[in-house]
Amino acid sequence: MQTDPSYDVRIACTNAIGSLAAAGRPAVRNVEAMLRLPPLDPGINASQQDLENSMKDADFKRALRDALAKIK
Numbered sequence: 015m016q017t018d019p020s021y022d023v024r025i026a027c028t029n030a031i032g033s034l035a036a037a038g039r040p041a042v043r044n045v046e047a048m049l050r051l052p053p054l055d056p057g058i059n060a061s062q063q064d065l066e067n068s069m070k071d072a073d074f075k076r077a078l079r080d081a082l083a084k085i086k
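Here the sequence shown is numbered in my numbering, starting from 15 and rising by one per residue.
A hint or two may mislead.
[Stated by the list, open to error] Distance condition first, Cα-Cα at most 35 angstroms in a straight line; then the derived DSBU-like pairs of lysine-lysine:
id: 1; residue 1: 70; residue 2: 86
id: 2; residue 1: 75; residue 2: 86
id: 3; residue 1: 84; residue 2: 70
No lab work stands behind these hints, which were simulated from the structure alone.
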């Protein structure tokens with residue numbers, strides 16, 4: 015979930031964890047840690063992929079909050 019360069023994959027993994035409901039409790043610490051991360055900054059010389067990921071970062075954070083709500 016954290017290491018895949020594709021935010022679409024990260025969002026899909028987060029949604030899958032959320033669908034586990036209470037069985038996803040072992041992931042709570044990880045999800046909370048990712049929610050505390052600062053927004054993605056693509057930088058000055060960002061690639062097209064970096065720019066796309068920075069736009070999807072808000073969707074990823076929303077998926078993390080939704081998953082956390084389903085788990086707890």
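Verification of the supplied hints:
1. 70 x 86: holds (25 angstroms)
2. 75 x 86: Roughly 17 angstroms between the alpha carbons, so the hint for residue 75 and residue 86 holds.
3. 84 x 70: The hint holds at about 21 angstroms.
In this structure, every one of the numbered hints holds.
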